[in-house]
Amino acid sequence: MLNTPFLLALLSLAVPAPTVAPQAEPKRENASADDASADVERIWNARNVEHLYNRAGFGARPAEVEYAQRQRPVAFVKQLLEGFAPTSDPLFIDIPAMPARRDFADRDEFEKEQNRFRAEERRVLTSFAGWWFDQMVEAKHPLQERMVIFWHGYFTSSTRDVKRTAAMIAQNELFRRHALGNFSELVHAIVRDPAMLEYLDNNENRRDRPNENLARELMELFTLGEGNYTEADIKEGARALTGWRTTDDKTGSYFQPRNHDAGVKTILGQTARFDAAGFVDLLLAQPACSRWVARKLIVHFEGVEPDEARLAEYASFLVDKRWEIKPLLTKLFLDPRFYRDAVRAERISSPVEYLVGATRRLGISVPPQILWLGAGQLGQRLFDPPSVKGWEGGEAWITTSTLLGRGNMAGMLIGVVKLEDVLREDPLEVEPEGEMMGGDMQEGGEMTDDPPSDARARDAKRAGKRKVDLGAEMSGLQRLTSAMYFPRINLTARMQRAKVAGDMQIVDTLADELLPVPLSEPSRAALLAFLRAERGALSLEDGRLLTAGVKSEDVLRRLAHLILSLPEAQLG
Amino acid sequence: MQRSQLDRRTLLAAAGLAGVTVLCTRAHGSVKLSPALAAPGEARTLVLLQLSGGNDGLDTVVPFGDDAYRRARPTLGLRQSEILALDDYRGFHGALVQVRKHYDAGRVALVEGVGYPEPIRSHFRSYDVWHTADIRGRDAGDGWVGRLCDAAFPDQQNPNLVVHIGGNVPYALHSTSHPPASFVNPRAYRWAGGESETEAYEQAGGMQPERDEKQPKKRAGESSLDFLRRVLADGQSSSEQVRRAVAAYRTPIAYPANDALAQSLADVAALVNGGIGSRVISVEMGGFDTHTDERNRHDQLMRALDAALGPFLDDLGRSAAGRNTLVLMFSEFGRRVAENGARGTDHGVAGPMFAFGHGIKGGRYGVHPSLEKLDDGDLVHTTDFRSVYATAIERCFDLKSEKVLGAKYPLIAFA
Chain Z
8 MLNTPFLLAL LSLAVPAPTV APQAEPKREN ASADDASADV ERIWNARNVE HLYNRAGFGA
68 RPAEVEYAQR QRPVAFVKQL LEGFAPTSDP LFIDIPAMPA RRDFADRDEF EKEQNRFRAE
128 ERRVLTSFAG WWFDQMVEAK HPLQERMVIF WHGYFTSSTR DVKRTAAMIA QNELFRRHAL
188 GNFSELVHAI VRDPAMLEYL DNNENRRDRP NENLARELME LFTLGEGNYT EADIKEGARA
248 LTGWRTTDDK TGSYFQPRNH DAGVKTILGQ TARFDAAGFV DLLLAQPACS RWVARKLIVH
308 FEGVEPDEAR LAEYASFLVD KRWEIKPLLT KLFLDPRFYR DAVRAERISS PVEYLVGATR
368 RLGISVPPQI LWLGAGQLGQ RLFDPPSVKG WEGGEAWITT STLLGRGNMA GMLIGVVKLE
428 DVLREDPLEV EPEGEMMGGD MQEGGEMTDD PPSDARARDA KRAGKRKVDL GAEMSGLQRL
488 TSAMYFPRIN LTARMQRAKV AGDMQIVDTL ADELLPVPLS EPSRAALLAF LRAERGALSL
548 EDGRLLTAGV KSEDVLRRLA HLILSLPEAQ LG
Chain D
132 MQRSQLDRRT LLAAAGLAGV TVLCTRAHGS VKLSPALAAP GEARTLVLLQ LSGGNDGLDT
192 VVPFGDDAYR RARPTLGLRQ SEILALDDYR GFHGALVQVR KHYDAGRVAL VEGVGYPEPI
252 RSHFRSYDVW HTADIRGRDA GDGWVGRLCD AAFPDQQNPN LVVHIGGNVP YALHSTSHPP
312 ASFVNPRAYR WAGGESETEA YEQAGGMQPE RDEKQPKKRA GESSLDFLRR VLADGQSSSE
372 QVRRAVAAYR TPIAYPANDA LAQSLADVAA LVNGGIGSRV ISVEMGGFDT HTDERNRHDQ
432 LMRALDAALG PFLDDLGRSA AGRNTLVLMF SEFGRRVAEN GARGTDHGVA GPMFAFGHGI
492 KGGRYGVHPS LEKLDDGDLV HTTDFRSVYA TAIERCFDLK SEKVLGAKYP LIAFA
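From first to last, the protein sequence lines are chains Z and D.
When we follow my numbering, the leftmost residue of the first sequence carries the number 8, and every step to the right adds one.
When we follow my numbering, the leftmost residue of the second sequence carries the number 132, and every step to the right adds one.
Just so you know, these hints were derived from the structure itself, not from any lab.
Calculated pairs, DMTMM-like style, for lysine to aspartate or glutamate (alpha carbon to alpha carbon, straight line, at most 25 Å):
#1 Z:LYS303 to D:ASP270
#2 Z:LYS425 to D:GLU371
#3 Z:LYS303 to Z:GLU315
#4 Z:LYS119 to D:ASP477
Since this is a predicted model, take the numbers as computed values, not measurements.
With the rest of the complex left out, here is chain D:
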């Protein structure tokens, strides 16, 4: 009952979004009409996958049906045989075989032409906009996930609530009240003493007075020493939970062994299924800044991405927690429409954004930007990325998205 109402609302919102309603193209004639993300009350996990460096959207979702594409990309343009056509206008890059399989199964939502007004072509500043969901960037305060946690989990201090797997923590996760646990490798998320030192280390941290789970920050009157003891104890339990979850996780799905992203996503699957209360998990794949030799490099990137995402989405389908997971994939900007003189592309603006999950309504959303009506050689975005965030915020965390984003953005019907 409630679900069908919800459904209507989201569909209407999507229709209003860009003046068109795009229906999903499910291969299986599924009878499920409602999003299958768990009902409010059940935990859902949001996974953020950042493609760093500016992914070339036109070489990811290729508008082969537009002559302007071939004109703009005389050496970089993909041949028809290198494209997995979705219809007679666009198709996935030929390496995205598994993504295509999941797309056909309704687990991939493609949102076209995503960007923001007055786009910035600096990597760092554009990241800041995506990470804070605010044009002002870092001047706006904490990252958007930090603000999301303030709104959704004001009293919670589970150190594993927000997790980043990778080197540098994205600013999106920057939060003074809900700092993320972060590690390159969950097996290495530990204080690296031997067994007997660890016992003493924990003893030194275990001497704090009665703990209060609901107190996120240093309490009034708490001494710095007691605060540090508390974080030490939290760190030991957080680290142990993470490592246990990863060690205990068994999956028949084979992830490519020698690929960083695939291994990180395998760890994400372990955390999602580990019951340790992680609600936002972030991972990053680098190398998308293809100013030169884009043909080879972007092909490789697409192959690696497909090889990692394919098994990950298979894996998520195996459990309720996995099926309740929403994955958002984004990049700080797309690239310019025309190739440069070095068989590459320079920093551009809008690009496609992807949502993945077993509980979403797959298909195509938004409007592909025109390749003719350009702004100084760049695509003009048709959907604000904050519409995608807003959808994730409302569907995964049962929050009014404007509480986090500061303004209302039209929701998109994929979830």
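Just chain Z, with the same shape it has in the complex:
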């Protein structure tokens, strides 16, 4: 009893133009931008190039740093904004149709079909998430992917509430289309986005019974920030948004005139027959709006608050450029202040940035679902932000559990930590079926099937006494890694290629390649002490470490694990 699926063509991306000529002359925006880029040209060294890759992308491999250094800053930043290479083909996704009760005479059959539908939805979301992570690791247009994550945290919706994969994917596509586009167009689009309408209850926002949720967040989180509107503005704004709703299956949205309140509203001191578009335009006209957006972008990329003068400068620039994001980011990346010490050292990377960055710097190939589930375990579950405020970010990423968890994930990627060893248990879990089962999205369903229950019981016996409920996400992650992950990595060859052999050279080279920021002296001392002790244990002289075959490789991998567990590895 298969539903007729409909095909959703996704991600009809404009393919970026082929790589621009490195020596292309910058467009002369104005004198001060030109001065600034001349200043950046003077500090265009490896450290700053890597800093830019860390913030505008997902970290750099050594060859990428060399490549960027050969470009002029203006030309390189332009490539960053346009993408380095055409991105992968858009993913074609076969979205299952939602079963309707009326099509089933029998309730049991209907429920079975519903369960099948939910499982299929999870499977589709998992494949899509995998595709997304592939884009990040491939980094053909890393800034675009960074911006998709940024908008996802800015205009949050969560699969946990939306409960429709098609809507979540369509929203992601919207973010991708507008990632580096025009903020005004994006806000106008987001108040009609099916996932957003569902997430912020606009289906409930009707003429006779307004629901304020969307109006409130539109002002508080999307455009103005708290303190720039009143509760009365929210009430009136909600009336302007009435009538916009999703289709029953949540894959589309439409305007329903009979539920729209067409009366006169007074919002932020203006009185008119505001509709959704008029309300958004009014918000965009507020001075608070450009400040809010400029601040969010600067804080995201710099990791620290801008001072007042700089905020005012960027906010008015954004208005001058009519809400275009590209000129703003070009200005930011060519601003010498973006490269000051307080900015370079201070930003704590998100779990996604950490894992994708580590994958890229290690040069390994990882099934992308592992990265998705892993980032979720570390506190950043894409498609499921913790609240309407998105991810708090910064130091909130780091707790004792997530910090040691990051190190363990890195060890797993390198192959020196097996998840089952960390857990030392079998992931036995009695998973019920139905809505809660395995959460809404956590299962790596299509990758592995649950073993039958008697096999589980047998495994439990072999593993020992304890039966531990890992939660669906961790179980899925463990199944994935044990079934399909073998790190293809050869650090010995890498060191030989770099022509290094001595302890200090090895520590410095590996740390330079694997860390987003320079190694601190205390950490360097710790790594050196470790390497010396390990080499000593193998009875090898300094300079001979790489001669011990598999033992050398083991030491190097454990060193790499240590490096990626360092405080320095969490920055970037």
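Since the structure of chain Z is provided, determine the placement of chain D on it from the hints.
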């Protein structure tokens, strides 16, 4: 002296709660009149046990004395022989043998008809209400335990103050100032390097300037690198404390070996007794979303729950720290009164909530919701869950509960 005053107050509050005073039904004619949770100043631990998926309250505490029960549950209804009657109206599910034993010993407080106004039937959104103690859910900010810690421990930064044992940390524990330590298995709460790597790892984290225990977040002027070093060092000591507490814990009580909840509760007992300053510990048991085949599934769940709780409560009785522990058991909602066509039940609203502990006044509290006067087929709650939270907040943490909950809720006399 003070205790008897306290007692009077709580009894009055309970009386005011629902217009009835329900006295405890102790089997032993205990002469203790006051709650035995430690006096203010002594550490008490709050344990939260979440039954995820929506536990069927009517199949946990069965209102067999009401004909409407049999009418609503023609295939699911329990026979009299499958019920441990508490009186001539209600009884525990027959599998809850050990819970019944503890109930008779005055260690179980049953609060009936617990819910909240305008109930939500979505798992996630209803969790959010329970976890934030706020109808707005996550829009209200941190979880209620996070807010509790802000009020009770504003200056404390013990990384083990709040602990979650399990996969996904419940939003109740979400806090920017007091993030919980969390792990599936305490033995695995560690950075997984070998011995020599661990030495280097700790060396790299041990280079931060003098530490100040009272500074919970990144200090003004502290670099991110120093902050990360500090958390690394905290993580190493937190992990070591947890693993030591678990490794050192010896108990003659036998917990079922092959049950996740029982093993987690054994770990809870170890942490409670480990002297590592954990004040809130959270655990979860899943599988309660019994839309189909509820008879078998809910029986199994009740058996597993009983098999885990029984020894855990025995174990807590063995030490002062254990006796000073209050366990709250809740679910995001109950299920509908009438069974569905698939021999299961769908998402409902109100249900019973349980408090366990050696220092509580066991018995029955609240009012069982009517099975006749339903709201669209659902029970109507008679006690707001925040009354139970408020009681725990005041009795375990010596706080005015409105500081955490934002409003006053009548206390319940179980603690």
